Amino acid sequence: MTWSEMQPLLEQASWDTLYMVGWSTLIAVVGGLPLGILLVLTDRGGLLGNQAVNKVTGQVVNIARSMPFIILMVALMDFTRWVTGTTIGREAAIVPLAIGAIPFFARLVETAVREVDGGLVEAVQSMGGNTWTIVRKVLVPESLPSLIAGTTTTIVALIGYSAMAGTVGAGGLGDLAVRYGYQRFESDLMWVTVAVLAVVISVIQFAGDFAARGLHRRSGHAGPAPRLRFLRDRDAAPERSPEQSAGQPPEPVKSSELPAP
Amino acid sequence: MITTSGLTKIYRSGGPRGRAITALDDVDLHVAEGEVYGVIGQSGAGKSSLIRCVNLLERPTSGTVTVAGQDLTALAGRGPRAGRELRAARSRIGMVFQHFNLLSSRTVQDNVELPLEILGLSGRERARKAAELLDLVGLGERARAYPAQLSGGQKQRVGIARALAAEPKVLLSDEATSALDPETTRSILGLLRDLNRQLGLTVLLITHEMDVVKSICDSAALMREGRIVESGTVTDLLATPGSELAAALFPVSGGGEDPERTVVDLTFQGDAAGRPVISRLARTYDIDVSILGAAVDTVAGRQVGRMRIELPGRYEDNVVPIGFLREQGLHVERAEHPGPDAPAAPPAGPAAPPVAALAKEETK
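Protein chains in written order, with UniProt numbering: chain L, 1 to 261; chain Z, 1 to 364.
Same shape as in the complex, but just chain L:
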């Protein structure tokens, strides 16, 4: 198979993949974020502390997580038909992809949100903030770097799942590799497809890491404890620009307020 023959096939398959993964990621984030936060809030000692809701939600998430995607796709046929009017094609593949990714992402959100320092929640409570304020102003913004990393993981997982979408005729890169590479022994095309997939995944992973790290650095998670940071700052003092060191003047001591030494 020549390159000019491969090109249109690859182009179409790439678009199909991006279309399916894009929409299902969006739905997974919209559905998984509140679900993950709900899991944290309703947990024992959480802000909403509701064991019943927590246990039920947790079970549902676990069951959905443990189901192999290909089976989920078949199991959801009726639901898919109800939503999209068909069980074949790209739109039909988005439904099981999104539903499979929601609990996956929800668990990642749960882990990320749990990492947020409880002291921050307490600080906002002491200001008179309600639970919704805490979610909006503390839990989500403070866990944003981890949430972005979780989204990246979800996208990569969805690209993997989308290979199976070929079974419902949705196309995509995975389907291309199977149909041409495996069934027609066109190993050239298969390897090119694998390469394209590798590039796509690398780009997504890189972009996600870059965004997460950027946010991380800004909010300075680098310094674990103030004292340690202080020591490290002093070690690194010679490299600091004068502007930076000028920005941290020594603490002024109000001598009038101090007891006689």
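A few of these clues could be false.
Under the rule of at most 25 Å between Cα atoms (straight-line distance), these lysine to any residue pairs were calculated in the SDA-like manner [unchecked claim]:
1. K55(L) with R17(Z)
2. K129(Z) with T133(L)
3. K55(L) with S13(Z)
4. K129(Z) with N130(L)
5. K169(Z) with R261(Z)
6. K129(Z) with R136(L)
7. K129(Z) with K55(L)
Selected chain L positions facing chain Z (Cβ under 8 Å, derived; list incomplete) [said to hold, decoys possible]:
8. Q7
9. L120
10. M127
11. G129
12. V138
Hints listed in this document are in silico derivations from the structure and should not be mistaken for laboratory results.
Quick caveat, the model's predicted, so the values are computed rather than measured.
Think of the CB as a built atom: it goes at the ideal place given N, C-alpha and C, for glycine as much as any other residue.
Start from chain L and add chain Z according to the hints.
Okay, now just chain Z, sitting in the frame of chain L:
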């Protein structure tokens, strides 16, 4: 301003039948308006539970908390969630934390604006107020920085500015200086003292450092095993015979008494600190006075001195000179016999082990 009565907090681990730990046991606390009140105690004494019960971050098991005439425990409701009235009451109580608890995703200015966002102020109003507060705490130029770019002391200044944003009348300080080095601690305490004077702010602080009580508190309470063991204004405490807090605030060292000699501890405050009492004592009664240990310091803005002196003869023979010292406005207390197992007994009389530990911390 802040009154707790019969405040009790019992934690149960492992369900309703689990082991119960009493963190607060019938605590009555009274903080007057405009004063700096320090609660001191070792870790595990229940200080944290106490301060967190004041704004009901922790629900007391029983007892009431009244802040600015409002019974907060009555507003609490039943569930773990805080109702609107309790939240409104909380917004009128500022709180600063040991680990600052600044949002790392927000700039310094946005952190200070947070309580104002909760109160629903407009953007311009918030920015104005935040700039004003940052100037007040001496961080006007760092408004655009992120907390990670600040030193510990600067972070706590931001914490204080944030706590003051909603113009509270009461400030709770949960070990605000415990994560800071001594010099920064002094500057933060100075700031709290200034705010207390300028804004008439009532400050309730908890700490394990005697120095904190010594440098800024008007009143203090000592906590142990969930109970308040001693409390009162610092001046009164220093004049109270056998006060553990006074002894810890102001330790004097020196040998104890033996049958042939009398050892007494003198405490003098204010005017008495300036008078040459000892030489007058020696001249008037023609006795040899030896000074075993002495210290003069400023406690709660007043000169206070403590001295351990030795008089020849038994206590019964020295009643007259001791009466003379009392007349001079000194507080005189007989130093106790050192126990046989502790020949080099540490400071003033009845200091129980925990306070002795505190005293040690203090003398560093």
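Consistency of the hints with the structure:
Restraint check for K55(L) and R17(Z): the C-alpha separation of about 22 Å stays at or below 25 Å, so the hint holds. For a cut-off of 25 Å, the pair hint linking K129(Z) to T133(L) stands: about 21 Å separates their Cα positions. Between K55(L) and S13(Z) the CA atoms are separated by roughly 20 Å; this keeps the pair inside 25 Å, and the hint holds. Between K129(Z) and N130(L), the direct Cα distance comes to roughly 22 Å. Compliance with the 25 Å bound is thereby established for this hinted pair.
At roughly 53 Å between alpha-carbon atoms, K169(Z) and R261(Z) are farther apart than 25 Å, so this suggested pair is violated. Between K129(Z) and R136(L) the CA atoms are separated by roughly 22 Å; this keeps the pair inside 25 Å, and the hint holds. A hinted pair counts as satisfied when its Cα atoms are at most 25 Å apart, and K129(Z) with K55(L) does not qualify at roughly 45 Å. The criterion of a C-beta within 8 Å of any C-beta in chain Z is not met by Q7(L), whose closest approach is roughly 44 Å, and the hint is violated.
A hinted interface residue such as L120(L) counts as satisfied when its beta carbon comes closer than 8 Å to some beta carbon of chain Z; here the least separation is about 5 Å, so the hint holds. Look at M127(L): its Cβ gets to within about 4 Å of chain Z, closer than 8 Å, so that hint holds up. The closest approach between the C-beta of G129(L) and any C-beta of chain Z is roughly 5 Å, which is under the 8 Å cut-off, so the hint is satisfied. The closest approach between the C-beta of V138(L) and any C-beta of chain Z is roughly 6 Å, which is under the 8 Å cut-off, so the hint is satisfied.
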